[in-house]
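Spelled out from the first residue to the last, the chains are:
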Amino acid sequence: MINLLFFGRLGDLAKDAPTCIASSGLDPTPLTIRQLMMAEHPELAEALSEPQVLVSVNKMVVKWDQPLFNGDELAFLPPVTGG
Amino acid sequence: MINLLFFGRLGDLAKDAPTCIASSGLDPTPLTIRQLMMAEHPELAEALSEPQVLVSVNKMVVKWDQPLFNGDELAFLPPVTGG
Amino acid sequence: MIVSDLVCVQSDDFSLADEYQRLSNINSRVGAVVTFCGLVRDFESSAGESESTKVVNYLTLQHYPGMTENLLEDIVTQAKARWDLVAVTVIHRIGTLAPNDQIVFVGVASEHRKEAFDAAQFLMDYLKTKATFWKKLTAEGKEQWLDAKLSDTDAVVKWNKDSHDQC
Amino acid sequence: MIVSDLVCVQSDDFSLADEYQRLSNINSRVGAVVTFCGLVRDFESSAGESESTKVVNYLTLQHYPGMTENLLEDIVTQAKARWDLVAVTVIHRIGTLAPNDQIVFVGVASEHRKEAFDAAQFLMDYLKTKATFWKKLTAEGKEQWLDAKLSDTDAVVKWNKDSHDQC
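Protein chains in written order, with the working numbering: chain A, 1 to 83; chain B, 1001 to 1083; chain C, 2001 to 2167; chain D, 3001 to 3167.
Simulated from the structure, these hints should not be mistaken for lab results. Please read these numbers as outputs of a predicted model, since none were measured by experiment. C-beta atoms are modelled at their ideal positions from N, C-alpha and C, and glycine is treated no differently. Hints may be right or wrong, so weigh each one.
[Said to hold, decoys possible] Here are a few chain C residues that sit away from chain D, every Cβ distance over 10 angstroms (derived from the structure):
{"id": "1", "residue": "S2004"}
{"id": "2", "residue": "R2022"}
{"id": "3", "residue": "F2036"}
{"id": "4", "residue": "T2077"}
{"id": "5", "residue": "K2130"}
{"id": "6", "residue": "D2147"}
[As the list claims (entries may be wrong)] Quick list of in silico lysine-lysine cross-link-like pairs, DSS-like style, CA-CA up to 30 angstroms:
{"id": "7", "chain 1": "D", "residue 1": "K3080", "chain 2": "D", "residue 2": "K3158"}
{"id": "8", "chain 1": "C", "residue 1": "K2114", "chain 2": "D", "residue 2": "K3114"}
{"id": "9", "chain 1": "C", "residue 1": "K2136", "chain 2": "A", "residue 2": "K59"}
{"id": "10", "chain 1": "D", "residue 1": "K3158", "chain 2": "B", "residue 2": "K1059"}
{"id": "11", "chain 1": "D", "residue 1": "K3142", "chain 2": "C", "residue 2": "K2080"}
{"id": "12", "chain 1": "C", "residue 1": "K2136", "chain 2": "C", "residue 2": "K2158"}
My request is simple: use the sequences and hints to build the entire structure.
Structure representation (structure tokens):
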């Protein structure tokens, strides 16, 4: 399984989205997982596609085509607003 | 009378120098007063001649040829080292 | 990050006096301590809405536990590589904050003032744009996630530029 | 200088906590407070003597009463003309100070952080080169008036340059 985290405004849109997803089968990447969301969570998938959204795997920012493995923690990060 | 103040290292050299000087007679300026010191306080006069030394009259920095008047407070200011 | 540095994400408030005490007493090399405290203001101009201002009820700060601490420690390490610093503290609060509450503390102790000023400003600029915090504003009864500010992004670009060509 | 600003030359110590309290509570516009504290270090490298370092016994700070306060108020007025600031505090101690003692405090409260950082640094740079203070160092039993540092003069030149051509 790959664990999914959604922060900031993405968290509000992801209330009904899965918190994990099977890692078998499709050679998963952040991009393919985003595409998978399109069918059942189109509003979320659209928000994830905004160019400022970053993805991290196991708390490190990665590219959207980073291969994912069983047990990975994938997080979707809208632009940060700390301080 | 013109009151004289010497700060920092100049104060140490001015221990025996006058604390005031008659304003009558010589159209006094900081420069003429410094020149007057030359005879009796040559070490002090030399220190006052260093290019970094500034003069103030009544707590405002002025040029060395500023005319002085009775009651003025003339101060000799070596480079400041606050903070 | 070495033992003299401190990075903390917490819901509790912090005390400037305590943090200053720690920084100024670390060792006798310290000649300069610069501190920055960020406070919640009671209005927030939203650039998208023609600079209208709203009365803030409260801010809710969310973060990504673990990742945030890593990023803050990384920023501190970068600052210490760039300037000769004695000690650094970064504290960021999370949870619900009201107007006038303290949000963020950055403190830098160094021998000379320029290093402390530059490093504190660098830490704040990076923290604003890199650390995984998100702010939700509740104002006039409505909730809204805040957008990143362009001026904050520009502030970081400046530091990257500085490291290439000093002007 | 307006009533929200404070300039003080005193032999008494100051409390960072009290000064921060005053600045952060002046009004609800304040979103950023930057403070600088200068401390007496226990060594003083004298550039003239091939960077040798001496153990400091104490520093004696002299100033020109009346003129110093005027100059500090003038520097504060300049800073407030240059940046949008809510409140400023400048405190400088005089008399005999030991290693680790606090010498100088500058605090700036503003809406946004950049103004507070820039103004605090400007105030320190000007204070160092313009305000009528003189330091006598007593180290290893010998008294010596300290020389002005070239780096401090350079720091002020930078601000004058900034006002002409921003880079």
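Hints, verified against the model:
1. S2004: 16 angstroms, holds
2. R2022: 12 angstroms, holds
3. F2036: Since the minimum Cβ distance to chain D is about 5 angstroms, C/F2036 lies within 10 angstroms and the statement is violated.
4. T2077: Non-interface label stands for C/T2077: nearest chain D Cβ at 21 angstroms, farther than 10 angstroms.
5. K2130: 16 angstroms, holds
6. D2147: About 16 angstroms separates C/D2147 from the closest Cβ of chain D, which puts it past 10 angstroms; holds.
7. D/K3080 / D/K3158: 18 angstroms, holds
8. C/K2114 / D/K3114: 15 angstroms, holds
9. C/K2136 / A/K59: Since the Cα atoms of C/K2136 and A/K59 sit roughly 22 angstroms apart, the hinted pair holds (cutoff 30 angstroms).
10. D/K3158 / B/K1059: Measuring from Cα to Cα gives roughly 26 angstroms; hence the hint holds.
11. D/K3142 / C/K2080: At roughly 36 angstroms apart (the allowed maximum being 30 angstroms), C/K2080 and D/K3142 break the hint.
12. C/K2136 / C/K2158: 28 angstroms, holds
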